[in-house]
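**Q** Sequence:
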Amino acid sequence: MLTKIPELHPKLLLFPPYNLSDEHLAELIGVSLPAIKSWKYGTRVPQTAIKKLCYLVSLQLQQN
1 MLTKIPELHP KLLLFPPYNL SDEHLAELIG VSLPAIKSWK YGTRVPQTAI KKLCYLVSLQ
61 LQQN
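For what it's worth, our numbering labels the leading residue of the sequence shown as 1, then goes sequentially.
Worth flagging that the hints you see were computed from the coordinates, not collected in a lab. Each residue gets a CB set at the ideal place from its N, CA and C atoms; glycine is no exception. Among these hints, one or two may not hold up.
Pair ranges (Cβ atoms, derived) [what the hints assert, rightly or not]:
| hint | residue 1 | residue 2 | range |
| --- | --- | --- | --- |
| 1 | Ser38 | Met1 | 29 to 37 Å |
| 2 | Met1 | Tyr41 | 32 to 40 Å |
| 3 | Met1 | Ser32 | 20 to 28 Å |
| 4 | Glu23 | Lys52 | 36 to 44 Å |
| 5 | Pro6 | Gly42 | 16 to 24 Å |
| 6 | Asp22 | Leu2 | 27 to 35 Å |
Whole structure, please, built from the sequences with the hints as guidance.
**A** Laid out in structure tokens, this is it:
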């Protein structure tokens with residue numbers, strides 16, 4: 001049985017309660033800094049896989 005993983009937009013990790021820097025978020029999820037900036041300013045939409053990864057990262061950050 002497959003588990004449906006919710007999605008979280010990566011730019012939400014840049015603001016409270018997470019407060020990650022652009023550089024740290026890019027390193028954490030394995031994307032380029034220009035990709036983070038394009039999502040932040042709305043010029044590109046992140047892929048579904050990235051949104052799912054960001055949800056999992058947010059869960060990990062909440063535990064720490």
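**Q** Do Glu23 and Lys52 keep their Cβ atoms within the hinted range of 36 to 44 Å?
**A** Cβ of Glu23 to Cβ of Lys52: about 22 Å, so the range 36 to 44 Å is violated.
**Q** Are Pro6 and Gly42 spaced within 16 to 24 Å by their CB atoms?
**A** Taking Cβ atoms as reference, Pro6 and Gly42 lie about 21 Å apart, which means the hint holds.
**Q** Is 32 to 40 Å a correct range for the gap between the Cβ atoms of Met1 and Tyr41?
**A** 39 Å, holds
**Q** Range hint 29 to 37 Å: satisfied by the CB atoms of Ser38 and Met1?
**A** 36 Å, holds
**Q** Do the beta carbons of Asp22 and Leu2 sit within 27 to 35 Å of each other?
**A** 33 Å, holds
**Q** That 20 to 28 Å hint for Met1 and Ser32 (C-beta), does it hold up?
**A** At roughly 35 Å between Cβ atoms, Ser32 and Met1 fall outside 20 to 28 Å, so the hint is violated.
Against the hints set out earlier in the document, violations occur for numbers 3, 4.
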